[in-house]
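Mind docking chain G on chain E? Use the hints.
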Amino acid sequence: MDVSFNSENVLSGVSFKLSHPSAMCIMGPNGAGKTTLLKVLLGLIKPLHGLVRVFGFNPFKNPLEVRRITGYVPQRELIDPTLPLLVKDVVLMGRIVRGFGRYTEEDYKEAEKALKMVGMLDFWDEPFSHLSGGQQQRVLIARALARKPKLLLLDEPLAGVDPETSLHVAKLLRDLKDKVTVVVVTHDQSLVKHIADVVLVLNKKPVFLGSPIKWLEVGVGWSGEC
Amino acid sequence: MEWGVLSPTLLRALVTSLLVSVSCAVIGVFVVLRGLSFMGAGVAHAAFSGSAMAILLGVNPLAGALVFSILLAVVAGYTGLRGRVKMDVAIGAFFAFSMALGILFISMTPGYVVRAWWLIMGDVLGVSDWDLLFATYVTVIVLLSVVFFLRGFQLVTFDLEFALASGLRVNLYHYLMLLLVAFVVTIAVKCVGALLVYAVLIAPAAAAREISHGFWEMLAYSVAISVASTLTGISLSLTFNVSPSALIAVIASLVFLALIIASPKKRICKTCRMYRFRFKRV
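Just so you know, the sequences run in chain order E and G. At position 58 of the first sequence (counting the first as 1) the number is 58 in the working numbering, and the numbers step up by one without a gap. At position 170 of the second sequence (counting the first as 1) the number is 170 in the working numbering, and the numbers step up by one without a gap.
Bound conformation, chain E alone:
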């Protein structure tokens, strides 16, 4: 696929197929098109050329089908950490498909289950603003998991979090990748070693696509040099 904004190429020549379940880590410098690629998969940005299929669905023709099976964890810096919300309110947002109606018993059950998976169930009634950055990140991951996704997209989940949370998130993603297809944008090499089946290095175009072992052996830089 090729993606461009205002006639400037943001991504070009990206092509990959990912089996289910598996884990792919996307790496690259700032402005390399990593977040753009996640948004293309969600159907939020339309590529100039190319074909995108997520579990057989075209995200631009069947956006609701794709978004229903996809959990998304955006960059934490986009969310105001001082918002007056309880942890349960944040996680329950993951259950919203339509903007109206009430939460059902199942919504509460799935939200609790997701929060338990990230080890934050004890914080159910706590204000979101009282949590540390790492704890907030885990709650945001729980929000995505509350959708019971087949595909989990995470945009820099380890940015600005403490080592304990990094370890917890890496372990969680490693457990998840047996059931869910995980696509993570990250700068963290240890996360790649822990979870990745496939590594994609981007710098406006694919610089490397292959197994993490090969990536570590070759030692590919952002521009493709070894």
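Don't read these hints as lab results, they were simulated from the structure. One thing to keep in mind: the hints can contain errors.
Only some residues are given here: those of chain G computed to face chain E with a beta carbon under 10 Å [claimed, not checked]:
1) L81
2) R82
3) K86
4) L150
5) T157
6) F158
7) F162
8) A163
9) A165
10) Y175
11) M218
One side of the interface only, derived from the structure: several residues of chain E facing chain G at Cβ under 10 Å [what the hints assert, rightly or not]:
12) L42
13) K46
14) G50
15) T70
16) L85
17) Y103
18) F128
C-beta: ideal position from N, C-alpha, C; glycine also.
Leaving out everything else, chain G in the frame of chain E:
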């Protein structure tokens, strides 16, 4: 003013003010959390110019205010969502345009200057049965919309990107919220005036944010502060014979200031302590 028995005028003013304070407090929460405060000011000035034009044309000022408010909210909201021009820049441009139009219409309306002045300063004791009826409708629409669409409003307010990724019809909730802002500002202009709408829309919700940890808590505090400011403002204005709208705005703003300084979150106090600590070390 006799306090023993409420005259129909005073009763009408009280009920209308309470309806306005409740609807402004509820919508104000979303306006503050979404960072749309400037939108409130812009819509208020559009309502002012709409009312001024309606007076010039000899039609109901409320109708003119509503049409102009909705126009500004939708146009500014569209530019904000499209991202070609930042929303605050679009509102700023329309803000000046609306004010200029309003002044132009007033200057073209001989004999109506006093009435037009009320648009700026508000006239809570001059509300008609129609104003009361409109305020009732608006309050019912606001409360029903918020109850029915709460989850959508919450998601769009707290995390627009996640809302988009969840497949929510973000545009629908964005424009619905802007329409509700236009409605509440229109009824508030009649009670507190175009210049002071900002205070009743923003101050109670902003004050509530200082002491709230959850969304429902913030909503409840916002309504409580708004209603208390309104009742106190009207009572004091009757006692001291001063402008009720100004008193309502002053009280709501003072509550906000007091809570910024003394809230449990104590952002400013913490900062002060930090600076004092640094100063001592130096």
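Here is what the structure says about each hint:
Below 10 Å, beta-carbon pairs count as interface contacts, and L81/G has none with chain E, the closest being about 14 Å; its hint is therefore violated. Taking 10 Å as the C-beta cut-off, the interface hint given for R82/G is violated, the closest approach to chain E being about 14 Å. Here the hint on K86/G is broken, as its CB sits about 17 Å from the closest CB of chain E, past 10 Å. Nearest Cβ of chain E to the Cβ of L150/G: about 8 Å, under the 10 Å cut. The hint holds.
A hinted interface residue such as T157/G counts as satisfied when its beta carbon comes closer than 10 Å to some beta carbon of chain E; here the least separation is about 9 Å, so the hint holds. For F158/G, the suggested interface contact is upheld, since its CB lies about 6 Å from the closest CB of chain E, less than 10 Å. With its C-beta approaching chain E no nearer than about 6 Å, F162/G sits inside the 10 Å limit, and its interface hint holds. Given hint, A163/G at the interface with chain E, holds; its Cβ is 8 Å from that chain's nearest Cβ, closer than 10 Å.
Taking 10 Å as the C-beta cut-off, the interface hint given for A165/G holds, the closest approach to chain E being about 4 Å. Because the beta carbon of Y175/G sits about 13 Å from the nearest beta carbon in chain E, more than 10 Å, this interface hint is broken. Because the smallest distance between the Cβ of M218/G and any Cβ of chain E comes to about 5 Å, under 10 Å, the interface hint for this residue holds. Interface hint at L42/E: satisfied, since its Cβ lies 5 Å from the closest Cβ of chain G, which is below the 10 Å cut-off.
Taken as an interface hint, K46/E does not check out: its beta carbon lies about 13 Å from the nearest beta carbon of chain G, beyond 10 Å. Because the smallest distance between the Cβ of G50/E and any Cβ of chain G comes to about 20 Å, over 10 Å, the interface hint for this residue is violated. Checking T70/E against chain G by beta carbon gives a least distance of about 7 Å; that is within 10 Å, so the hint holds. Interface hint at L85/E: satisfied, since its Cβ lies 6 Å from the closest Cβ of chain G, which is below the 10 Å cut-off.
A distance limit of 10 Å between C-beta atoms decides the matter here; for Y103/E the minimum to chain G is near 8 Å, and the interface restraint holds. Interface restraint check: F128/E against chain G, minimum CB-CB distance 8 Å, threshold 10 Å, status holds.
Hints 1, 2, 3, 10, 13 and 14 from the list above are not met by this structure, while the remaining hints are.
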